[in-house]
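S.K.: Using the numbering used here, read the sequence shown as starting at 1 and increasing by one per residue.
Rather than coming from a laboratory, the hints here were simulated on the basis of the structure.
Among the hints, erroneous ones may be present.
[Unchecked claim] The list that follows gives simulated cross-link-like pairs (lysine to any residue, SDA-like), each with its CA atoms no further than 25 Å apart: (1) Lys165 - Lys210; (2) Lys165 - Tyr185; (3) Lys210 - Glu280; (4) Lys34 - Lys108.
[Claimed, not checked] Restraint ranges, calculated between C-beta atoms of paired labels, are given here: (5) Glu293 - Glu47: 15 to 25 Å; (6) Glu104 - Leu80: 16 to 26 Å; (7) Ser66 - Ala289: 16 to 26 Å; (8) Lys288 - Thr62: 43 to 53 Å.
Ideal placement from N, C-alpha and C gives every residue a C-beta, glycine not left out.
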Amino acid sequence: MKVTVVGAGNVGATCADVLAHKEIANEIVLLDIKEGFAEGKALDIWETSPINLYDSRTIGSTNDYSKTAGSDVVVITSGLPRKPGMSRDDLIATNAGIVKMVTENVVKHSPDAKIICVSNPLDVMTYCAYLTANIDPSRVFGMAGVLDTARYRSFLALELNVSPKDIQAVLMGGHGDTMVPLPRYTTVGGIPVTELIAEDKLNEIIERTKFGGGEIVKLLGTSAWYAPGAAAAQMVEAIVRDQKRVFPVCAWLQGEYGMKDIFLGVPVILGKNGIERIIELDLNDSEKALLNESAEAVRNVMAVLDNMNVNA
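Work out the full structure, taking the sequences as your base and the hints as a guide.
M.R.: Okay, structure coming up:
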C-alpha cells in the first residue's frame, strides 16, 4: 500500500507522521513545492522508526510527482492560509489554482487513487478537486466532519468527565460556523447525551464546536494541525484497511437529503472503494432547516469558484 500526502506543512506532516506510526501503508510519500522541505520532514519522521518501532517508509519529494505514482490514497493539504487584507474570493482563487494543479498531477500518476481534500475553504476546494479529477465522486471527498465531530466529542468528554472513547456523534453540513451538530444522534456509552447534560450547556458546546478552528487560531496565531492531521489519517486508515467506518465526510450529493450537485458533510460508510454509501438520516424539521441553511452558504462559495472558471 502507498499513500501520498501533498503539502508538508503542519497538517500534512502530522498526517504522514500518524500514518507512519500506525503502519497504515508500506510507503508514505510527503510532497511539497518548497525545496528540501518534504525531504527533511520525511527523514525526521523516518528517524523515529527505531524509537516507535514501525516499518512504514516515509519519502520526501520536492514537486516530483513521479515519486507518488501508484498511490492508493492521496491527501491534499496544499494551500495558503488567509492573510490580512485578503478577501474570501482572493483565498478561493489562490487555493483553487493550487488544488487544481495538485489534482491534475495526482490523477496523472495515480489514476485509481482515492483523493481526500483537506485544503481550505474545505467544501469548495473539494469541489475544485472533483471538477479537476473528473473521476467518480465516490473517490473524491473532503475531511471536515471527522475533525469537527472530534472537537465536539472532546468538549463533551471534558464537560461530562468521561472517556472520549465512549462518545459517538454525528455532525453535518459545511465546514465552518454553519455546521450542524446533531444532539439527537449524540450518545455517551449508548446513552443519549440529552439525558446527561443540560440543554444550555449542550448548546454552549455546540457553539464552541462551530468556532473550534477559530479558537485555536486565537491561541496560536495559526491554524490547528494535530487534530486535522490525525483526522485525515483516520480517513486514510478506513480506506486502506477497508474498515467500513461510518464517518461524516464532505461528499457529492445527488439527491440525498433533497440536494443535488453540492459537496456537503454527511455520514457515509468509508472503505476500500472510498465512499461506499451515503447514509440518509431521518432529520426532523429543525435539523432539515439548519442543514438547508448550511447548504445555502456552501452553494454561495461554490458559485464564487464557478464564476472564476478556474477549471475551464
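S.K.: Evaluate the given range 43 to 53 Å for the C-beta pair formed by lysine 288 and threonine 62.
M.R.: holds, 48 Å
S.K.: Compare the distance between the alpha carbons of lysine 165 and tyrosine 185 with 25 Å, and conclude whether the hinted pair is satisfied.
M.R.: holds, 16 Å
S.K.: Please verify whether lysine 165 and lysine 210 have alpha carbons no more than 25 Å apart.
M.R.: holds, 21 Å
S.K.: Given the hinted pair lysine 210 and glutamate 280, is their Cα-Cα distance within 25 Å?
M.R.: The given pair, whose Cα atoms are some 22 Å apart, holds under the 25 Å limit.
S.K.: For the pair glutamate 104 and leucine 80, does the Cβ-Cβ distance stay inside 16 to 26 Å?
M.R.: holds, 19 Å
S.K.: Are glutamate 293 and glutamate 47 spaced within 15 to 25 Å by their CB atoms?
M.R.: For glutamate 47 against glutamate 293, whose Cβ atoms are near 48 Å apart, the range 15 to 25 Å is violated.
S.K.: Is the gap between the beta carbons of serine 66 and alanine 289 within 16 to 26 Å?
M.R.: violated, 49 Å
S.K.: What's the verdict on lysine 34 and lysine 108, does the C-alpha distance respect the 25 Å limit or exceed it?
M.R.: Distance ~21 Å between lysine 34 and lysine 108 Cα, so the pair holds.
In this structure, the earlier hints numbered 5 and 7 are contradicted, and the remaining ones agree with it.
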